[in-house]
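Dock chain to chain to rebuild the complex, using the hints, since each chain is given by itself in its own frame.
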Amino acid sequence: MIYKVISKKEFRRFVDLLVKSNSSFGPQQVDMDSRGNPIYQFKQVQSVEEIAFDYTATASSAKHFFLPFREELSRFTFHEDEWEQKISYEAEPVVLVGLRACDISALNILDDVLLNGHFPSPYYLAKRKNSVVVGMDHLPLPDCFCKSMSHHTVTTGFNLFCSDIGDNYYLSINSSKAFSFLKEFETRDPLNEDNCMLAERRKLIQNSFQTEIDVTALPSILDIEFNSPVWEKWGDKCLNCGTCAMVCPSCYCYSVTESFDTNLKGSTREKKLYSCNLVDFAMVAGGHNFRPKNGDRLKYRYYHQHRGFAENGNQQICVGCNRCGRACLAGINPKDVINDLRMEKESCLTCVSSSPART
Amino acid sequence: MPDMRFVIPRQNINREEFASSVPDFNRRSEMMNTDMGFKCRITNIVRLTEQEKLFQLRIVNPQERALFRFKPGQFLMLELPGYGDVPISISSSNSNHEFLELCIRKVGHVTSALFTIKEGAHVAIRGPFGSSFPMDEMAGHNVLLIAGGLGIAPLRAPLFWINEHRDHFLEVNLLYGAKEPSQLLFTYQFEEWEMINHIRLHTIVEHGDTSWRGKTGMITDLFNDISVDVKKSYAIVCGPPIMFKFVCGYLDKLGIPMNHMFVSLERRMHCGMGKCCRCMVGSTFTCIKGPVFDYWSVMNLKEAI
Chain A
1 MIYKVISKKE FRRFVDLLVK SNSSFGPQQV DMDSRGNPIY QFKQVQSVEE
51 IAFDYTATAS SAKHFFLPFR EELSRFTFHE DEWEQKISYE AEPVVLVGLR
101 ACDISALNIL DDVLLNGHFP SPYYLAKRKN SVVVGMDHLP LPDCFCKSMS
151 HHTVTTGFNL FCSDIGDNYY LSINSSKAFS FLKEFETRDP LNEDNCMLAE
201 RRKLIQNSFQ TEIDVTALPS ILDIEFNSPV WEKWGDKCLN CGTCAMVCPS
251 CYCYSVTESF DTNLKGSTRE KKLYSCNLVD FAMVAGGHNF RPKNGDRLKY
301 RYYHQHRGFA ENGNQQICVG CNRCGRACLA GINPKDVIND LRMEKESCLT
351 CVSSSPART
Chain B
1 MPDMRFVIPR QNINREEFAS SVPDFNRRSE MMNTDMGFKC RITNIVRLTE
51 QEKLFQLRIV NPQERALFRF KPGQFLMLEL PGYGDVPISI SSSNSNHEFL
101 ELCIRKVGHV TSALFTIKEG AHVAIRGPFG SSFPMDEMAG HNVLLIAGGL
151 GIAPLRAPLF WINEHRDHFL EVNLLYGAKE PSQLLFTYQF EEWEMINHIR
201 LHTIVEHGDT SWRGKTGMIT DLFNDISVDV KKSYAIVCGP PIMFKFVCGY
251 LDKLGIPMNH MFVSLERRMH CGMGKCCRCM VGSTFTCIKG PVFDYWSVMN
301 LKEAI
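Sequences listed follow chains A and B, in order. Residues in the first sequence are numbered consecutively from 1, following the working numbering. Residues in the second sequence are numbered consecutively from 1, following the working numbering.
One chain only, chain B, in its complex shape (with noise of 0.2 Å):
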């Protein structure tokens, strides 16, 4: 028989449990929120190439929508409930709050299932987590993106930023590499940013076809077309892990320092808050620390690239 003296009454938590010293963009966890996603309306679908596609969200609730600010190089995980949820990485500007935008490639179970829904559908996003590009730490110096395929995405939302603030920064290259010309992603816009902004394009691919006039080659190939002041420059690399070993090596010869070359990691990630382990990188966490790193620590964290 229970005795009632001895019942364990039933406790709830409460917000003020998780005091949490670090700093937690739109302050979700202090809402007890961190597993509750915006809701968020797809308001357009850009089919990019055969394999990727542009997807343009707007967060419903217009106080969540006020709310919700990011960085350029951060993530968030887009939840399409029923099948699961995803990193992506934003690949829009953080000026704009009216929408996001992720370029998105059809490779996994959710993003399959994601190619097949429409304009006007409902997805759900939880974030920006992860650390972002020091934007402001460019600021007065050249900068040189590099991206390989898909690498572009994450590498939208500093380029939005540079254009933005095209003044700050002196010289800007950005180079492009792609497996095929089909494969070349935002070609749309490459025109608008080399004659409005004025960055330096190079693209490359590693195969041309017949109506292909640019270069061939890997993306190494593209050093010998620029030159840059190394003291004065800073670089972002993102694309597969192959890429950055090279990349990132000849970087280092040319003299850029170590901690003026930022990567953006891609791992396998479950949770986006430090807790399922999945995406751990040497003894950190790919969505606390990174993505974005810079090649000091990636130098130092074991088996990073």
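Bound-form chain A, shown alone (with noise of 0.2 Å):
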């Protein structure tokens, strides 16, 4: 990692030139929500202009350009009596700027999942290596709790990553490419001046953060939670959309299906992201469901979240962006599920129901 110091109109000039030579994408606003606050996603850019760089979070996140909602993993062609096959795991190159610290993680947490496994995804990694990531810090939202998920920083997966320090953007470079590209432009070494504000700046970050969840040992409380009530309660919240797993950075559970052309010349294997909330998850065909309740169904995607699979290391996948509480249209969010979970006082469902304080 090489640290370099640039001016922000610099900055500003070298985001236009990669921008206005690549096909790009940034953070825009594109729609207000019911309480007035901007709604932004990630939008191609022609320019740095149209950048929103002062933007708080994306609605949807930038999983989307590594897995897409619907991609062609094969195709066959048909004649007579035969068919064939074909394959390509091709990506244009893209420039994705203006990521936050927790997205990284997500994609570095996706990287573990889906190229260092059993049977790693070659579609995720042409898109992977065909991109170039600009990173840049942000004050969290009241919501975010990434800081307990410890993904508030990160220090891989990106090309190059910016702090906003003042007048300048104190600037993490990761690869040769970004390092080349910003040869050509006016940087300096950071002085002991700009550390300070760094170290400032990251600590402003870290105190800002209004929301905790305690995490200590949860893969085992999920574990011995298994049968808790909680799940039945959120549960019969849950309207089952799916919403929660189009939002979240690192989900990544897919469904796939084939469909002939319609000249019936040839078909499609397409992969379509899926949640596991949506009711015919786990359905075998004969119509067996192995989670037939929607409390079932919760509990596996916490499970997933945070507990994590044998397969992955246990790792959890939970960044704590918190997208999926503020895009659930049921008011589910991790933090109060956690805490129910917890037996944290004020919502346990049992303690309260028994206690013999209340009767």
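Derived by calculation from the structure, the hints in this document are not laboratory data. All residues carry an ideal CB built from backbone N, CA and C; glycine is no exception. One or more hints might be untrue.
To be verified - With a straight-line cut-off of 25 Å between C-alpha atoms, the simulated DSS-like cross-links for lysine-lysine are:
no.: 1; chain 1: A; residue 1: LYS86; chain 2: B; residue 2: LYS39
no.: 2; chain 1: B; residue 1: LYS118; chain 2: B; residue 2: LYS179
no.: 3; chain 1: A; residue 1: LYS265; chain 2: B; residue 2: LYS118
no.: 4; chain 1: B; residue 1: LYS53; chain 2: B; residue 2: LYS118
no.: 5; chain 1: A; residue 1: LYS265; chain 2: B; residue 2: LYS39
no.: 6; chain 1: A; residue 1: LYS293; chain 2: A; residue 2: LYS43
no.: 7; chain 1: A; residue 1: LYS335; chain 2: B; residue 2: LYS53
no.: 8; chain 1: A; residue 1: LYS233; chain 2: A; residue 2: LYS293
no.: 9; chain 1: B; residue 1: LYS302; chain 2: A; residue 2: LYS237
no.: 10; chain 1: A; residue 1: LYS293; chain 2: B; residue 2: LYS302
no.: 11; chain 1: A; residue 1: LYS129; chain 2: A; residue 2: LYS265
no.: 12; chain 1: B; residue 1: LYS302; chain 2: A; residue 2: LYS233
no.: 13; chain 1: B; residue 1: LYS39; chain 2: A; residue 2: LYS293
What the hints assert, rightly or not - Covered stretches of chain A (chain B as the covering partner; in silico rule of three or more C-beta atoms under 8 Å from a C-beta of chain B):
no.: 14; segment: 16 to 27
no.: 15; segment: 125 to 139
no.: 16; segment: 187 to 193
Written out as structure tokens, the structure is:
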């Protein structure tokens, strides 16, 4: 890693050139929510003016550049009685500007899950290799809990990471690609003052987190509380819409479907992102559903997010961005569910009902 | 205007980036062919019952055919282009390198389409995936094979293994239950298994018909007929989800050690490679750690049976 300092004006010039020369995506305001807060999304940008550098967090995550909602896995072409299968792992280079630390952390987790497992995914690798990630730090939203998951800072997984230190950006350069581009621009080595300002900026971010979740020993709690009434309580609220998985930066479960072309000369095998909260997630042919209840499916999601699977080294995949909590139509958010599960006094179901003081 | 100095060149991925430390059968991920199927020709179709057919497949490419190896208990993803792919357990002998046999029930979208195709059609297979029955470990022991309904399909591979290495095993009992006599599969092989391979076969049906001479009842009723030395026994159980609980509970009570009992689980699968998460059971995947689990793991995994 090489550290440099660049003035904001020069940085904009750099981003402008990068954006104009490549297919680039950056945060843009797309709408307002009912409370008048802006909604941001990653959109294709043509120049630096279109990028909202001061955005809070995007509604959808950056995973969709690597795991699109629909992705072609292979194509079959039919002729006479024969067919032929074709697969291509090609991806076009993209530049992603303005990713938050937790978004990049989520990409690192996806790397771990999809590239280090038993069967690495070439589709994902091709996309990941052909991307340039420019990260930016930010002050957390009131409901973010990245700090609790230790994902409020990031040290790998990006090409360039900028920390806002007043008039300048403190750059962490993590790839030769980014370094050689920056050679064309005016940068300087960080001075002692810059380092101080970076430390202060980091402290400020760290102290700005208003939401914290106690995740100590959460994997074992999830195991122990497998039959907890908490799951039924929150499961009853769940609408099975799958929104949480769609906005989650690290949810990667999918479904494979195949469809014929309309001229019947070929067919496409397609992968579609799926959600474990959808009713038929674990339903097998013949109609048996291994997770028939809302609570079972919600539990599975938390199990995956906060306990992790043995195949991925029991790694927790939640980064604490709280996109799921913000997007949930039924008002389910990780903080409340986990606190319930930890039997925090004010919300514990079992203690409240059987407490002698209450009866 | 794009400045050529800042244009990011496109990079292709190469095989060196797939240095997966985990053994991958047939080295498919090394060749980056994890999603490419082996093309197979359907050489024979046997109708077993109204709902089940036995498909015989032969891998077209001789090199791929020579490369393809599997272990009893593993499954593969059978792909019918245009319709989709389904996980099917292999029910042929793993010493047969020429043909694969798959026993398939017509139950979903893909399998219904499979039932319409004729001999000579081409399908694709990916795999084999998953864990297998530890046949070497079982040598020198009594073996208890317990199948319910279509559960006989994954049990045929270990059964073939036992038949081929019959002198390695002591007493072998096959307990097989079905709903109706007409739903019993592979009845044409019963005699061969009993007379030639000396496997004691016990069948039972839930609802007998007029021609049924055997027993009626649940599969657990068959346990009264057999006497096994539990200390020297291995058990393999496969059947509908409801069956595991009763049968494994009973075997546990009998005293068969938990790590001597194996079950083959069924889950929804879309990739077979531990990526789609559809087959997650407890904290692991059926397609990687399973489908064959020992009873100890099953007891430890949440919502496995």
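Exercise. What hint numbers does the structure not satisfy?
Worked result: Violated: hints 2, 6, 7, 11, 13, 16.
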